[in-house]
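Protein chains in written order, with the numbering used here: chain A, 1 to 275; chain B, 1 to 356; chain C, 1 to 288.
These aren't lab readings, by the way, just hints derived from the structure by calculation.
We treat Cβ as the ideally placed atom computed from N, Cα and C, and that holds for glycine.
There may be inaccurate statements among the hints.
[Said to hold, decoys possible] Below 20 angstroms or equal to it, Euclidean Cα-Cα: the simulated PhoX-like pairs (lysine-lysine) are:
| hint | chain 1 | residue 1 | chain 2 | residue 2 |
| --- | --- | --- | --- | --- |
| 1 | B | Lys130 | B | Lys153 |
| 2 | B | Lys130 | A | Lys183 |
| 3 | B | Lys203 | A | Lys183 |
| 4 | B | Lys181 | B | Lys203 |
| 5 | B | Lys181 | B | Lys130 |
| 6 | B | Lys153 | B | Lys203 |
[As the list claims (entries may be wrong)] Sample of chain A residues at the chain C side, in silico, Cβ under 10 angstroms:
| hint | residue |
| --- | --- |
| 7 | Thr49 |
| 8 | Leu50 |
| 9 | Phe119 |
| 10 | Phe208 |
| 11 | Leu209 |
| 12 | Gly211 |
| 13 | Gly257 |
| 14 | Thr265 |
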Amino acid sequence: MKPRMTLRWIVFAIAAFVMNFPVLATLITAFKPPGEVSRNPSLWIEAPTLENFATVLTVSDRLNVYHYLWNSTVAALIGALLPMIVAFPLAWAMVRRGVGRGMLFPLVVNLRALPLIIFAIPLYMMYSAAGLLDTKVGLGLILAVVNLPLALLLLVNAVADIPAEIEEAAHMDGARLPRLLIKVVLPLCRPALITTFVFGFITAWNEFLFGLMLTTRDAVPMTVGASFFFATSGGGVQWGTAAAVMVVAALSPLVLGLVMYRRITGSMVAGAVKG
Amino acid sequence: MAQLRIENLSKRFGNQAVTRDVSLDVEDGAFCVFVGPSGCGKSTLLRLIAGLETADSGRIFVDGRDVTDAPAYDRDLAMVFQSYALYPHMTVRDNIAFALRTAKRPEPEVAAKVAEAARILQLEPYLERKPAQLSGGQRQRVAIGRAIVKAPKLFLFDEPLSNLDAELRVHMRVEIARLHKDLGATIVYVTHDQVEAMTLATKIVVLRDGMIEQVGSPLQLYDDPDNLFVAGFIGSPKMNFLTAYRRGEQLVIPECGGQEISCPELRSTIAEGAEVTVGLRPQFLGRQGGQSLELMIEIVEHFGSDSLVHARSAGAARLLTALVENGRELVSGQRLEARFKTEDLLFFDQAGQRIR
Amino acid sequence: MTPGRSFENAILAGPLVLFLLAILGFPTVLSLVYGFSETSFQTLTTPQFSGLRNFRDVTADPTFWQAAWFSLRFGAITAILQCGLGLALAVYLAPLTQRHGWTVAILIIPMIVAPAMMGLMYRLVLHEFAGPVPHYLYSWLGWSPSFLGPANVFKTVIVAETLQWTPFAFLLFLTAYQSIPQDLREAAAVDGTRPWRLFWKIELPLMMPTVFVALFIRFIDGFRVFDNIYTLVGAGPGGSTTSMSIYIYETFLRRGEIGKAIAAAILLFITAFVILSVAQRLLWGRSA
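From just these sequences and the hints, can you work out the full model?
This is how it looks when you write it as structure tokens:
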């Protein structure tokens with residue numbers, strides 16, 4: 001068994017290295033002083049420095065990273081919480097009473113497969129008329145739509161896992177619908193709610209297209225803000241700084257994802273197999 | 001406590017009639033057991049009383065009040081589910097208190113009632129635990145605690161002992177019987193186990209295919225069954241049934257090689273040559289009695305004090321069982337002269353109805 | 001159903017339905033209006049009905065067909081590559097990941113990084129001066145290919161997408177593989193089945209539904225790709241990496257041809273819907 005396991009470890013190491021190479025390289029580049037970057041493209045840092053991070057984290061008129069981070073956070077929170085709030089009651093009604101099981105459920109779940117760009121254009125125009133263009137709320141709303149299919153799917157599965165007898169017992173105990181939902185069903189869905197939130201937050205944070213189209217200045221999220229650093233405006237790209245920006249941009253979802261990876265792996269599989 | 005009255009209750013699921021025109025009266029303080037084979041509709045009947053199902057027709061009265069159209073949470077009943085259905089995310093204390101808090105009782109009253117229920121059921125050491133940390137028997141007591149704390153009009157039990165192992169089942173049976181006596185509660189209890197029915201009930205309702213076969217006290221059903229089904233269902237080991245026909249004052253039993261028994265009590269309603277089904281409990285077949293059948297022993301099961309003998313008449317198809325005291329010397333292959341008294345025979349007509 | 005019930009159900013379903021109607025329903029109506037009209041950014045509120053003109057413009061545009069062809073090829077190739085690699089990795093590494101759960105965490109990192117960021121990271125990694133890949137390729141092998149040049153750019157974006165999303169397929173297959181009941185394997189072992197035959201004849205057939213689902217999902221995601229290609233190469237040299245989504249984006253924002261962009265979007269929607277329905281019937285029609 002031993003030699004076969006060693007071979008597996010080697011394969012793992014290669015796969016992990018190759019797939020994560022860009023992330024590694026970016027991380028390394030972020031610690032190289034600006035002068036060194038174009039001179040030394042290897043993976044070895046001659047003179048490690050925190051200079052790039054300092055540049056990124058100080059506010060300047062060219063870049064205010066906190067502005068982008070804050071926009072991303074607010075928009076992602078809306079994009080993660082709103083679907084949960086809206087899908088939960090419907091999920092219960094779908095499982096226990098068959099509401100919308102024939103049409104609404106497939107409709108929402110299939111949204112996942114539609115290229116959302118087809119809504120982006122009319123959405124742009126609708127937002128522009130409604131004054132939602134370049135707002136965090138506006139961005140958050142469409143992010144909520146993106147997360148809606150998985151939220152509904154996960155919550156439907158979570159409610160279905162609750163034995164009907166527990167709800168019957170609550171009925172016998174005198175609980176009407178609001179109390180039943182809030183005191184009994186909701187707490188029992190907690191794991192699914194956490195999973196939905198984590199996965200939704202990461203997906204919302206990582207969104208680029210809608211950020212690009214629907215914001216210009218006030219509500220620019222981190223993903224789009226980071227890409228500004230690659231606009232070669234006068235003098236080429238400052239790779240050191242750009243790398244540091246990308247590290248900052250990728251940090252939240254990465255930390256959240258690694259801490260909660262068991263939960264999101266479960267939700268990804270559920271979303272895929274059942275959807 | 002209260003009495004229960006059911007009038008002409010019917011329910012179908014799709015094309016299947018699950019409850020057919022059932023009417024029943026349960027007195028205040030009775031322990032009424034619904035018993036019957038799988039699919040007989042006993043659980044459905046219980047759920048109809050609870051309000052978890054709505055009847056197609058008929059009426060239900062609890063303590064004189066018509067609850068037929070009332071939802072489950074307005075009927076003032078308590079139910080113990082087969083799986084206990086405890087709230088997994090709440091402590092034992094909160095599980096028991098839930099119904100009282102839903103009714104917005106003041107907290108001191110809630111605390112007092114929970115403490116009292118915990119005392120009766122010996123749950124005090126477990127009040128802060130969650131259901132996952134309890135054993136099966138403990139969970140069941142919590143389920144019962146949740147029920148008694150509401151001081152309901154009726155207690156409904158849906159096969160509460162099925163999930164317990166044999167030893168615990170016997171123990172909990174005694175506990176439930178004691179609860180009934182101490183609380184003076186009116187209980188409706190569903191089980192498929194006729195031993196539970198016999199030992200716990202003051203009144204048994206035997207159901208088959210959605211209809212009531214017979215209602216009576218345990219001993220009534222044991223001694224005086226109305227039909228073949230009840231006779232075969234109640235009593236363990238199961239009653240022996242033989243087909244026989246009348247010849248004058250004799251009963252000829254083809255299934256026992258044509259052996260005849262002399263039976264002066266044969267009713268005049270049984271015509272000459274008419275076929276009847278004769279029932280005899282294994283407990284009444286053995287060493288005592290004026291009549292006998294010549295049988296060959298096939299298998300003997302020794303229980304220590306008694307032995308269950310499975311025997312048949314040589315060359316015949318029908319296997320009979322006899323419960324014999326101190327049958328240790330009986331072995332397979334032996335001949336047995338199985339004795340019985342004709343007073344212990346029960347007669348049933350071709351339709352399965354009892355001939356009295 | 002009692003009237004109380006219908007009211008309750010309406011309240012339970014209401015929020016989601018209203019939300020969808022507002023955010024998607026209304027834009028859909030707008031799409032239909034603008035798809036069949038002549039508009040520009042200056043005349044947004046006064047579209048002029050123009051029938052099928054936009055659709056004719058779109059279908060006459062060679063860039064549109066180039067983009068459609070690109071998306072099809074891209075989706076198919078990346079789906080197959082990701083699923084192949086993912087399946088191989090999942091099955092081969094299963095004993096390892098079972099005992100050391102943290103290895104899964106490392107392998108899924110690419111999925112957690114935003115595709116847009118990944119695109120930028122690849123831009124860095126492949127950069128002629130600042131990127132390690134050209135550096136090492138040159139110093140070790142004497143190669144210096146132009147990754148983003150017209151000859152290689154297609155392969156480059158395929159590789160980038162594959163490397164980022166193989167972990168997704170890996171995860172799906174790992175779960176499917178682990179959910180095969182262990183006693184099936186044990187029974188096969190007692191019957192004298194060797195590992196390769198076990199995989200080929202027993203495990204793979206049991207995983208086939210997952211394989212189809214994975215292929216389908218990755219194809220859909222590849223078909224509608226935008227983020228990582230856009231940040232990596234934009235429309236690409238000669239428009240060679242313009243996917244359907246990029247085409248629509250450019251037509252709308254860069255060229256301001258609103259009606260045409262919407263017409264393309266509508267065509268894309270219809271295609272996706274058809275593919276989805278067909279796939280659903282194939283995949284679930286029998287079991288449903």
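Inset, instruction - State the violated hints by number, sorted upward, taking the hints as numbered earlier in the document. - result: Those not satisfied are hints 1, 3, 5, 7 and 8.
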